[in-house]
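Since chain C is already given, all that's left is putting chains Z, G, S and V on it; use the hints.
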Amino acid sequence: MYHKPYVILGILAFLALLAMPYWVTAGNIKYEDIHKELAKPKGVNCVENVKWMAANHMELLNKWREMAVRQGIRITHTETGTYNVSLTECWKCHDYNHFCKKCHEFMDVRPVCWECHYNPGMPFKTVHFK
Amino acid sequence: MISRRKFLVLVTASAATIATGKALSFGEKRTESELSKYKWAMVIDVDKCTKCVLDIMKKEGIDDIEKVRPPCIKACDLANNVPQSDKYYYSFIRFYMVKETEDAKPLVFPVMCQECEHPACVEVCLTKASYKREDGIIVIDLHRCIGCRYCMIACPYNARRFLWEPPEEHLKVVNPEAPIRKHGVVMKCEFCDWKIDKERSEGKEPKPVCVEVCPHKALVFGNLKDPNSEVSKIIKTSKVLTLRAYLGTNPKVKYKLWGD
Amino acid sequence: MGVEVPKIDFKKIDGSSPGYYAICAIWLIICLIGVYAYIQQWIHGEQLTGLNNQVPWGFGIAAVCYYIGASAGSLIVSALSGLFEKEEFKIFSRSAAFFAAAMIVAAMGAIFTDIGNPENSVNFLIHFNPTSIFSWNAFLYSSYFVVCCVYLLAQFEEKKFLTRCIAVFAVAWAILVHSGTGGIIGFIYSNDFYHSSLTVPLFIISAVASGLGLLIPTYILTFKWTKREYDPDLLWTLTKIMGAMVILLIYCFIVEGFEKGYMPASHEAFLRMITSPETPVVYVYWFGQLGLMFLALAIMLSPFRRKDWAMFTAGILVAIAVFCERYVLIVPGLSYPYEIFPGYEVVKPFHIVPYYPSWTEWAIVLALLAGAYLAYCIGIKIFALLPEKAVKIEEVKEK
Amino acid sequence: MSEVPEKLEIKQRFPLWKKWLKPITEKDYKPGFYSYFALPKQVNSDFFKMPFGDVVREPLEKDWKLPENWKEIVLKEMKDTMRKNRGFKLFMDICVRCGACADKCHYYLGTGDPKNMPVLRAETVRTVYRYHFTPFGKIFGEWAGARPLTEDVIKEWYYYLYQCSLCRRCSLFCPYGIDTAEVVWWMRRVLSRIGINQRFMCISIEASSRTGNHLGLYAGGMAGSIEQALEELKDITGFELHTYINKKGADALFVAPSADYFATPHWYVLLGYLLLFNELEEKYGITITWSTYASEGGNFGTFHSYEAAQLLNSKIYKEAERLGVKFIIGGECGHMWRDKHQFINTMNNPPKHEEWRRFWEDPDLGQISAGLKGINLGEFISGEHGWIHILELVAALIEHKKIEIDKSRNDHWRATYHDPCNVARGMGMFEEPRYVLRNVMNHFYEMPEHTIKEKTYCCAAGGGMLADELMELRMRGVMPRMMALRYVVKKFGVNIMLTPCAIDKAQFPHAVEYWKIPVEIGGPMEMVGNALVLTAFGEKPEDRKYDLRGTPIREE
Amino acid sequence: MTFMYIFYVLPYVAFAIFVVGTIYRILEWAKCAVPLKIPTTAGQQPAFKFVRRTWIDKIDSPSNKFWAFVRMLFEVFLFRSLFRNTKYYVEKAGKNADTRWLWLFAILFHYSLLIIVIRHLRFFTNPTPKFVSLLEYLDGVVGVAIVPPLLMSSVIALVALAFLWGRRIFLAKERCISLPSDHLILGFMAVILVSGMLMRYIVKIDLSYVKMFALSIITFHPPSPDVLNHLHWLFLIHFTFVCITIAYLPFSKVMHFAGVWFSPTRNMPNDNRMRRHVNPWDPNPEVPILARTGIVIDGMVFKTKKLDWDTYYEMYKDQLDEIAEKNYTLKPEL
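Residue numbers (the numbering used here), protein chains in the order written: chain C, 5 to 134; chain Z, 3 to 262; chain G, 13 to 411; chain S, 1289 to 1844; chain V, 300 to 633.
Bound-form chain C, shown alone:
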């Protein structure tokens, strides 16, 4: 084999690149069954069936956004009941910090909602208007 040091260095660099998930986290990758760790929601039903919601809640929120802002519909009826078309509706059943945020952090998802909207994780006092 010729140019041994270079070749070995190259192979090591190649392996190092492949091991990227380990060294960017300093070897700290933990397997987590996220579904066991999330806080249990208070209610029985969600807006739609639970499995659909798990995959499509962002779509629902997008839809709700259009409904509330552009069509002025603030109350909606689904198979499981009647709901306010508002983000605040979620907090009725779900704990923000231990449900929404936890899962979003696990998935490294950054919802854009909180750039403009309040969530219970924010350090504000709230006021309610009837």
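For the record, the hints were derived by calculation from the structure and aren't laboratory data.
Treat each hint with caution, since some may be false.
[Said to hold, decoys possible] Not close to chain C: a few residues of chain V, all C-beta gaps over 10 angstroms, as computed:
{"hint": "1", "residue": "K357"}
{"hint": "2", "residue": "L381"}
{"hint": "3", "residue": "A590"}
[Said to hold, decoys possible] Cβ-Cβ distance ranges computed for the label pairs, FRET-style:
{"hint": "4", "chain 1": "C", "residue 1": "T130", "chain 2": "V", "residue 2": "A461", "range": "32 to 40 angstroms"}
{"hint": "5", "chain 1": "V", "residue 1": "D597", "chain 2": "S", "residue 2": "K1315", "range": "25 to 33 angstroms"}
{"hint": "6", "chain 1": "S", "residue 1": "Y1733", "chain 2": "V", "residue 2": "F376", "range": "33 to 41 angstroms"}
[What the hints assert, rightly or not] Within a straight-line C-alpha distance of at most 35 angstroms, the following computed DSBU-like cross-link-like pairs (lysine-lysine) qualify:
{"hint": "7", "chain 1": "Z", "residue 1": "K134", "chain 2": "G", "residue 2": "K360"}
{"hint": "8", "chain 1": "S", "residue 1": "K1359", "chain 2": "S", "residue 2": "K1315"}
{"hint": "9", "chain 1": "S", "residue 1": "K1299", "chain 2": "S", "residue 2": "K1522"}
{"hint": "10", "chain 1": "S", "residue 1": "K1367", "chain 2": "G", "residue 2": "K393"}
{"hint": "11", "chain 1": "S", "residue 1": "K1364", "chain 2": "S", "residue 2": "K1310"}
{"hint": "12", "chain 1": "S", "residue 1": "K1299", "chain 2": "S", "residue 2": "K1315"}
{"hint": "13", "chain 1": "C", "residue 1": "K8", "chain 2": "S", "residue 2": "K1367"}
{"hint": "14", "chain 1": "Z", "residue 1": "K134", "chain 2": "C", "residue 2": "K67"}
{"hint": "15", "chain 1": "S", "residue 1": "K1690", "chain 2": "V", "residue 2": "K625"}
{"hint": "16", "chain 1": "V", "residue 1": "K357", "chain 2": "S", "residue 2": "K1640"}
{"hint": "17", "chain 1": "C", "residue 1": "K96", "chain 2": "V", "residue 2": "K429"}
{"hint": "18", "chain 1": "V", "residue 1": "K630", "chain 2": "S", "residue 2": "K1741"}
{"hint": "19", "chain 1": "S", "residue 1": "K1640", "chain 2": "V", "residue 2": "K602"}
{"hint": "20", "chain 1": "V", "residue 1": "K503", "chain 2": "C", "residue 2": "K46"}
{"hint": "21", "chain 1": "S", "residue 1": "K1695", "chain 2": "S", "residue 2": "K1661"}
{"hint": "22", "chain 1": "S", "residue 1": "K1661", "chain 2": "V", "residue 2": "K552"}
{"hint": "23", "chain 1": "S", "residue 1": "K1804", "chain 2": "G", "residue 2": "K24"}
{"hint": "24", "chain 1": "V", "residue 1": "K630", "chain 2": "S", "residue 2": "K1690"}
{"hint": "25", "chain 1": "V", "residue 1": "K630", "chain 2": "G", "residue 2": "K401"}
{"hint": "26", "chain 1": "G", "residue 1": "K360", "chain 2": "Z", "residue 2": "K219"}
{"hint": "27", "chain 1": "S", "residue 1": "K1804", "chain 2": "S", "residue 2": "K1695"}
{"hint": "28", "chain 1": "V", "residue 1": "K602", "chain 2": "G", "residue 2": "K401"}
{"hint": "29", "chain 1": "C", "residue 1": "K55", "chain 2": "C", "residue 2": "K34"}
{"hint": "30", "chain 1": "G", "residue 1": "K172", "chain 2": "S", "residue 2": "K1778"}
{"hint": "31", "chain 1": "V", "residue 1": "K386", "chain 2": "S", "residue 2": "K1690"}
{"hint": "32", "chain 1": "G", "residue 1": "K24", "chain 2": "G", "residue 2": "K236"}
{"hint": "33", "chain 1": "Z", "residue 1": "K206", "chain 2": "C", "residue 2": "K67"}
{"hint": "34", "chain 1": "V", "residue 1": "K386", "chain 2": "C", "residue 2": "K8"}
{"hint": "35", "chain 1": "S", "residue 1": "K1329", "chain 2": "S", "residue 2": "K1318"}
{"hint": "36", "chain 1": "Z", "residue 1": "K241", "chain 2": "Z", "residue 2": "K39"}
{"hint": "37", "chain 1": "V", "residue 1": "K604", "chain 2": "S", "residue 2": "K1350"}
Treat the numbers as computed from the prediction; the structure is a model and nothing was measured.
Every residue, glycine too, gets a C-beta built ideally from N, C-alpha and C.
This is chains Z, G, S and V only, laid out in the frame that chain C set:
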């Protein structure tokens, strides 16, 4: 030969682009909705406002009319998450004191978004973020607003506010129902649409916050399409003033000047 | 398959001297300062600008108009050869078209940095609003950029007929784009200062003036520093066009000034604007806009007018004056409050809000200009934009 | 009058992969595009013996009289080549067929034959490599772009590997640096193992290995030729000049391509060398000698194989050692400088004699003559190599104002400069010749940017393609260069193209005639010779009446 | 549903093939000798001090190992050679123009793939490092108006892929030089990209199971049947094709990512005249190979006679003596 093919490709590509653009921009469907039954309007009794504001100025010893904060402004700021900043005037309602001559009796006009029937701001909005709902309210869709401020230029009443600063720095209490917003978007009075929509669907008589809190009942809110509503009656019976009527914007906020 | 020797040969510049790198470095540094300013603005909001709720448009939008103007102006210069068969101007056609493309990018950058929520800016493509002139412009600008690029490509490929066609189309498009920009301001009926149909043609005239104002000094320096032979007569022709445009501009100002001064609704405000030093507009108006234009005219009429330095100075003066004009077009109309209560004499609060551009606005606007020039400097190095010799073409002697 | 040769028509064809996988046979050979096979007297001689070279072969015959086990030999040699040359193995593996090289090859541009695209030229080899050396190739066959080695493949190889001038222009544009010339060179070596050799290059290789130079010139002939040159110089300058040959103890050995000894326009370059050497000797006492043993700078072996190249260039260091010179100056030649720059000191042991060693400890020409102090060869050469290009030397002499130049003597020439491909891409000498030309003449013009410096187009006669039977190929391949030349001729009224390459000087006079371009061909040293004022002999700038071609310099 | 465990084993197999295959290929190249120092010089060579060399010359014609390394970096990370690309117009009488489309789209394609790969780290790390989130934010920043943000890298990758494949399909020359394997790898990429984008924008799937599956792979922690059962078919297509592609890489032309570092025309400095390069299989060439051992084919030796000075002198004695008589000096005879 190649050049002709290139040319064809170019033409097709540009045609496709235009077609897609068209499909995107004109493809929005309009359906008859609940909202078309309404046309929200507001009548403001200027005499009552004048009295209230002048009283507060006198009682609190305020000279500058911009610093006056009657209950309507306070409630509005709180309900709509309007930041309180020293640098900029963000409140949706702004008071103007006008006199016909220097020594005449002053009149105080609260000016907020006039909810024009032919709104200049909606005409100019690049993204249809500002748009007129079927019930006549001009709403800013913050999810679309790009913060170009063209609407502020076009607005004849200077009724729009731009968030120059990050709002969360200037908020202490938050109403979760209304958006907090972020810096770089435009906001204005929307007749507390989040409130009236909900109240409407619950079957209540909807009222914006300012109308609710006004101790003098100077503000009257209602549906113009309903001939029996209070606003319709006032407009029919008394003379009301429309600001800058000559522009043809036809606002739905009217000022009642000569009290009965 | 004989080789056709074009009469004008375009060539890349060598671009390896320390001077070249120094110039690029200067532009780059200005750009980086602008990037820093923009990041600050991104984080802290537009409170860093001098704008407020009464004057929501200022320097940034003036720069948008200016850059688009410069772009349209240089595209028209570029098309002189194709459009009017002025073969002697073909030497400018490529670089001016490239400059136009760079400037339109700067203009779009100025819009992008001026708007508060650029993250959403794709929306103007998704939700096109046909009633908004600005919305049309968003399409016009991007399509204009594409037109510039196609025009450049056609020139690079030396397709004569195609170049000609695109030149005609591009000029029409440039005029359309610039009319659109004029319309942004001119069609605002709620503001007596803005509302004027004259704004549209005025914009086009000042576009040509500012485009030439930037191009003439740029060419003089480029040809000097790349040691290219050039013919001052050609530049003088451009300067003459610029002079004509300046005279037209002054004429338009006078007409518009009379109109604004004549209208009862605005005459008080207009007089206050041009006489009272409450806001900096009065200086910008007298010294910046009119003063510099007359000075430039004086230089263009003076006996030294054919000298390089005279054309250079005149160009720079006109370029600055046109920017001042854009500023005067936008700011005073907002500084003076609208008459919301017609029929009432006294209105409180009545604020004349002076507007001073802040350092971030200066930094961003200058960075965009620097960016356009950086693109130009790099462009002439990697593309064959500049003529080998900037002289009137003569037949090459057959030997 | 048409500017284009009438019979030339470039037809581009683009068959799909399945079609081009089928090898062509001798029936598809087109006259003007294939070379003759070497004769036994060339490849079976005492001084140059190649395997199976004792058979007379004919390309157009069906039976190529290959040795019985030719297939095993070829495969074994390919395997051996991969072990011996990483480049070859790598270039078999990593080509992605992006097509960046396709329209860079002058032969492809001139012929439109798809297999003349560098990518497909190499693919003719790669397909066989895939079939015999990779698992996928064997399993999937033609779907993996693989084909077995057959006699027809050998015929296709011979056709296309000998339509490459090894100019390396494709290598410049390849994102992985794939050098098709390298593939071609090593494949020619593989072919030579089964007795397939091209005649033209083998004539020269054999001559050079027997007599010292490609032309087979004997010592006396060479000396006589130089003497004749000196006579001619006496007519032109009026001075009695001299030069050394085989002189022991000279300061430097000068090696030129052998064509310089009597071909035109090479001849004028030879006159230029002689003028410079005399001026240097008179002024600074530096002695430069020629050698009859190392009388060839060019190396046709570099077109054939590593071994052949080594056989030819091994003589020069030996001669330097024998003569005891301090360094070696190389003349104007293209592939010679690929050989001298990149090959010679790897293929041979550099000289180790005392004078050489002492000079290279501090390689300043001030060591030889105080007047030349400041010209330090150590800035880019060491004693492990010891070669300097004549134009580098002239550039340094001009820069340090060691020779006097009268530019106006070249005013009747309007020149352009052609970069020989090997000097450009195998050495990187771009600025020195331009520096020299700008300093010795007033009218110097560059050809279009895409055809000069590293992007230079080949003259289409290098790499063994100078054979007369390849005339059609040569005239087509030279098309891009001729277009560029015609451009400057029309634009600047250029009347001479200068090129420091012997093969260029042999090819271009035919090419400009074929392409009907009214231009002369020459070498930069001719211009140097014209402009050089022999101050040491007392010459005044205005004294010279005729240039080296014997035409009057100034119109009376 | 134990057969679902195939999908758990698949990535390990694919990766093993990829790693072993790649290292095998690298070692195969490393085993080959480099007989000659043959850099393609694309800039002014090292020369006398007065000859100006710009930094581009130093990169394109490197004078030492450092600059050769810089050249390599330019080659690998900026596609320097492709940037040089020109197009020749036969029909336009030798017009030649810069065409950098291939460079543009190639560099867009490769870099957006890199960003896409780094972005996928969000599935393979827990907690996710900051830079991955930041990269995703920057990647999607133009598309905030669309939820989920339109990631520029995937759009660019798709456009560039369409260009790279399109030129192989629509341009005659490129169609001619394309082999099925060229289309195959592009097809793999297309399937992967399209299925990935479908999952993100159109067919919404519950990604929490995907991430748990990914974590189970990277932490060698077999997933529960629950996780496997919840995997969406579209994800399985995406995943399977990724595995197939990874396993196919060492056998394909994609090995250029490792091979380019070995390219002798690029990774060698142009310092031939400063430092001698030793040919490992011919380290001491005192006598040329042909005269030393000759060529050996099947036991037959083809050896050449060496022309050294003495032989030469013997052959041409009379002529050489005549030169010696002239004291090795040539003069005009007249």
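Restraint status (C-alpha distance of G:K24 to G:K236 at most 35 angstroms): 15 angstroms, holds
Distance restraint between V:K386 and C:K8, which requires alpha-carbon spacing of 35 angstroms or less: 40 angstroms, violated
35 angstroms limit on alpha-carbon distance, applied to hinted pair S:K1804 and S:K1695: OK: S:K1804 and S:K1695 at ~29 angstroms, within 35 angstroms.
Hint consistency between V:K630 and G:K401 [alpha-carbon to alpha-carbon, up to 35 angstroms]: This hinted pair is violated, its Cα atoms lying about 50 angstroms apart.
Holds or violated: V:K357 to S:K1640, with C-alpha atoms at most 35 angstroms apart: 31 angstroms, holds
Given pair status - G:K401, V:K602, alpha carbons within 35 angstroms: Violated, because 63 angstroms separates the two Cα atoms, which is more than 35 angstroms.
Supplied distance hint 25 to 33 angstroms, evaluated on CB atoms of V:D597 and S:K1315: 31 angstroms, holds
Holds or violated: S:K1359 to S:K1315, with C-alpha atoms at most 35 angstroms apart: Holds - the C-alpha atoms of S:K1315 and S:K1359 are around 21 angstroms apart, at most 35 angstroms.
Pairwise hint evaluation, V:K625 against S:K1690, where the allowed Cα distance is 35 angstroms at most: Given that 35 angstroms is the threshold and the Cα spacing comes to 30 angstroms, the pair holds.
S:K1804 paired with G:K24 [C-alpha distance capped at 35 angstroms]: Distance of about 30 angstroms is within 35 angstroms: holds.
Given as non-interface: V:L381, which should sit over 10 angstroms from chain C by C-beta: At roughly 22 angstroms from the nearest Cβ of chain C, V:L381 sits farther out than 10 angstroms, so the non-interface label holds.
Pair hint outcome, S:K1329 versus S:K1318 [Cα-Cα no greater than 35 angstroms]: Judged against 35 angstroms, a Cα distance of about 26 angstroms means the pair holds.
Consistency note: the structure conflicts with the earlier hints numbered 4, 9, 10, 18, 22, 25, 28, 31, 34.
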